[in-house]
Every structure is written in C-alpha cells, then in structure tokens.
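These are the residues of each chain, in order.
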Amino acid sequence: MCHNLAGLGVFEKDEEGNAVKRIFYVNEKLFKASYHGRVACTGCHQDVKDIPHTDVKKVDCSSSCHMTDPSDNSEFTHKRMAQDLKNSVHGKKGGEHDEDLPECKDCHNNKPYQITVKQSLQTMNFLKVCLECHQSEEWAERFYEHTFYRASIRRSSKDIVALCSRCHADQEMMQKHDLDVVMGFEDTFHGKAIQYGDEDVANCLNCHAPYAMDYSPHRIGSEETPGSAVHPDNKLATCQQSGCHADATEKFASQGKVHPSSYTFSKASTASNDEREFQQWVIYLITLVYKILIAVIVGFFVLHRILDLLAARREKKRLGEV
Amino acid sequence: MNSTTSKSAKTFVRLTKNQRIQHVILFVSTGLLILTGFMLKGERWVIESFGGAGDTIFWWRGIIHRAAAVAVIAVCFYHMIYIVVTKEGRSWIKDMMFRWKDAVDLFQNLAYMTGFRKERPKMDRFTYMEKVEYFSIWFGMFIVITTGLMMWTEYLWPKFYLDISEALHLGEATLAALAIIVGHIFTVHYNPHVYPMNKAFIDGKISESLMKEEHALWYEREIAKQKEQASHQQNDEESQDEQPR
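Line by line, the protein sequences give chains A and B. With the first sequence counted from 1, adding 24 to any position gets you the working numbering. With the second sequence counted from 1, adding 212 to any position gets you the working numbering.
Note that these hints are calculated values from the structure, not bench results. Treat the hints with care, as some may be off.
Stated by the list, open to error - Each computed DSS-like pair below joins lysine-lysine, with the alpha-carbon atoms no more than 27 Å apart:
1) B:Lys-417 with B:Lys-222
2) B:Lys-371 with A:Lys-275
3) A:Lys-341 with B:Lys-424
4) B:Lys-343 with A:Lys-341
5) A:Lys-129 with A:Lys-56
6) B:Lys-299 with B:Lys-417
7) A:Lys-315 with B:Lys-343
8) A:Lys-82 with A:Lys-103
9) B:Lys-417 with A:Lys-340
10) A:Lys-340 with B:Lys-424
Note that the coordinates shown come from a computational prediction; the quantities given were computed from them, not determined experimentally.
Chain A on its own, in the form it takes in the complex:
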C-alpha cells in the first residue's frame, strides 16, 4: 500500500546527532523474488495490527511466520536456529559486552535476501521437467530455486574468512572478550590457497562447524565446549574428514595451532598458554637465526663481489698505464 511508493522515508537523528535517511520503500518485484517473497508483511512485522501503523518493533527471526512448513504442515519458524544460536558460544550472554555477540543478520548479511541461483546455473531447462507434473509455474520455479540454492555453495571460502574475521581479527573487540585474535591464518597454507581461489582447502567453518559432520555454525562451540568440532576429543576426526587429512594421526591433531594467534590476552599461566608461548618462541628463534645467517652470509658475498669488481677495475687501469 504505502510502502510501494518510491521515496517514502524519514530523516532521523542517530546517536551522534547526524541526520540519517531511513527508506521505507519496498520494491515489490525484488521482495517477491527474495527468500521471504511468499511471507506476508505481517508474517514478520507481527505487531502491525492496524493500517496505517505507528512505530514498529524490530523483527524477531525466531517468531512463527504464519506459513506452513511443507514437510510436516507445522507452522514454519526459525525458532530452532535462534535457540541453537542462543546456546552456542555466540549466544553466551551475561558478560560485559553482550552487544558484540552476533545476531542472525550479522552473518546472514545478504541484505536483500536475493536468490542468485539463476545467475550461477547455466540452464533452467530442468525446470521444464518439473512442470510436466506440477501445474503452478511460480511454485515449481520457487521450489526448484530453493533446492538448487541450498545445494550450491553460496559463500566462497574468501567470503567466510572475511565474515569471521570481521570480529575475530578485531584486536580491540577480542581483547574485551579475552579471546585470541586470529592473526596468522592468511599466511598459512590454507589461507594462501583460499586467496588463490581454491575451494578444497579448509576455511573457518570447515574445521569449526562442518555440516558434513553434523555440526552447524548455529551450534558453534569453542575448543573448550564439549562436543564441538575443535574440542580436543573431536579434533582428530575433524582433521580426518573426507577430502582433508584422511590419514591424520593422533599426534597431528594434538599439538599446535592451525592459525597462529600472536595475541593472547589471558594473563593466566595455564599449561596450554605456556605451551603456546614456548612454541611461538621456538619459531621466533628459528626465524631470527635465519635472519642473522642471511645478513652475515649474503652480506659477505656482496662485499666480496664488490671488492672483486673494484680490484678488477684497478688492475685494468694499471695495465692500461703500462
């Protein structure tokens, strides 16, 4: 009704007093093509009872959206995922900085919620097969898109690393939560392969919450969470997952870090912190020794070469004078 009027919006003041434009226009065509295209406005904006309405609350993704789940005719909702998130490490409320904890839209940041399957598929011919039995073209197309969209890889490894790094490589934020800053991943073999565009090596989620092993990013846990993919009890199986280090031994999964984190804020001298400090010190020492070796040896070679050239020039001059 009102929201199909282009230009509908207001200017508001944000916390710092700057004017911000808020657009209330909804492009019907884009919305219909989005994930939520079949949900009515009030399916999510549930506190809107009368039209025209006044202020509306933020959408709660865990509400029931007045749609039936075709698999069992129950009311469709993202409640389970929201509950999983609440129980995961990302949902641990009660600390000092709860505002940093991610919500649905921090990771599901494809803002217009557009399905991009048509661009990635070479042909939609398979849809014709669907239409042989299913009469509604709109329904068939939506079902088809949904299936293929969920079956395809929607985020490249590069995108996933960038997504997780937004928080976990933010030194200030990690310090507030007394967590390691993930620093070295981009320089590791996995990190470099991802930069080249290799999708077969591990990105963050392949180790921390691989769907293939019945883990889920919604239920992600830390290495201290029993049952998480990176808990010492499960690490070996995670390394051994199909397509990765299939022959990994107990030793391979036991010592050391996949992404060396240079900053540990916890001052506590736990055994694991001491061990990591020792390991980092050893690597630092090796690098230092090689830096000195390179400076001394290559420096000597360069000096020797320069002296040799000068001597040759001097000799040439001497012979020329004779």
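Using the hints, position chain B against chain A.
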C-alpha cells in the same frame, strides 16, 4: 687483467658431462622450487590479481613444486653415490674438502682485493668461495629436503613440528635464493673475468687464461702433469689417452 677470450686458446676440462647434467637438473629444479615456493608467500593483492585462473595456478604450483622436489632429491642422492663410487666423483670431493690453505687464500685474496697485496693468491681447482657454495648446498639440501618431506607427510607429525619445518624451510629457501643470486650467479655471470657468462656449465671447458687467473695452482699442476705424460709418451710408445679429470 687480460680477460681476453682468445679463441685459439688452450682449454681444460672444468666439468665433465656427468657433472654438467647434475648441474642442469639441480639449477632447473631449484629455480622451479624457489618460484613455486615463494608463490605461497605472495602478498594478497598479487595473488588475487590472478583472478579466476588462481585456482588452476595454485594446483599447478603444488604439482610443479613436488615434481621438482623429486628431481632435486634424486640428483642429491645420485651425487652422494657419485662421490663415493666414481673416480671423477672421488677426485671431486677430495679437491672440494676444506683445508688450511683456504683460510690463507681468503686472507691473501682479501688483502689483494683491498690493495694491500700485489698478486692474487694461487688458488687450487676449487676456490674457497666455490667450496663455501658447494657445502652450502649440502647443508641447505639437508634442511629443505627433511622439512619438505615432513610437510609432504603432514598427517604423521604434530602441528608444532610442522610449524618448525615451515620456519626452517622458509628460512633456508630465502637464504639459498639470495646466496644463489649474489654468490653464484654474480660469480659466474656478472664477473669481469667471464662476463657475460662462464660457459663451463654448457661445454665444460675452462680457458687457459681464466684458469691461470682463478685457479693458478691447479693450472700449474695440470701443466706439470701434461708434461710428465708427454715425456712418458716419448719414453714408451704404448701411451694412454689424456685422462680428463
């Protein structure tokens, strides 16, 4: 220095065909290893400039690095057998061993190059620099082959050992790459005695003038040997052919 490369000049055998083949395998595969190895250390923007081809390039990088590694390991093992089993190999390692004279040569040569001495010391078949380079390869190959094989069989080792391997592999590779560029390529290419290139690695020959210049002691010994052989030939007719070293 009369670095004139006279065409009629007498030549001596510097590298046998066997040695030249070892050298070619070594430098081609080392070159590939350095190139494909440092591709893993490229800056993000360089790597991303490959665009869509990056994945394929990365795949080939891995294949080439491992293939060249196999070639290098093979030639190193061959060389170890070679210096024990063959006559020219035994003479090679014997002449390559460090001796007190190398230290003397170093100081005398430094004195010569800085102008405190009139003449270059008379050096033997291998100069002290050549010996340093040669044994650097032994040392370097031991490091990179051991750590490389560990990283190739990564599933057998604790991650910490792999971190150590990676640090050593990178350090040694950087050292070797720089040492090869400065110490070796400059010596055999950008060197007033041989510029633009010492062709010994292709034809195996060293000219009399260069030999006098850089390996005077060896030259004198070879000449003496040839004279002795010549007198032998005159003495008894059933002479052997000149033995290349």
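Status of the hints after comparison with the structure:
Using a Cα cut-off of 27 Å, the hinted pair B:Lys-417 and B:Lys-222 holds, with the two alpha carbons roughly 10 Å apart. The suggested pairing of B:Lys-371 with A:Lys-275 holds, with an alpha-carbon distance near 8 Å, which does not exceed 27 Å. Among the hinted pairs, A:Lys-341 with B:Lys-424 is consistent with the structure: their alpha-carbon atoms are about 20 Å apart, no more than 27 Å. Between B:Lys-343 and A:Lys-341 the CA atoms are separated by roughly 30 Å; this puts the pair beyond 27 Å, and the hint is violated.
Distance check on the hinted pair: A:Lys-129 and A:Lys-56 sit about 20 Å apart at the alpha-carbon level, within 27 Å; holds. This hinted pair checks out: B:Lys-299 and B:Lys-417 have alpha carbons roughly 19 Å apart, not beyond 27 Å. Simply put, A:Lys-315 and B:Lys-343 have alpha-carbon atoms about 22 Å apart, close enough for the 27 Å limit, and the pair holds. With a C-alpha separation of about 16 Å, the suggested pairing of A:Lys-82 with A:Lys-103 holds against the 27 Å cut-off.
The hinted pair formed by B:Lys-417 and A:Lys-340 meets the criterion: a straight-line CA distance of about 25 Å does not exceed 27 Å. Under the criterion of a C-alpha separation no larger than 27 Å, the hint pairing A:Lys-340 with B:Lys-424 is consistent with the structure, at around 17 Å.
In this structure, the one hint that does not hold is number 4.
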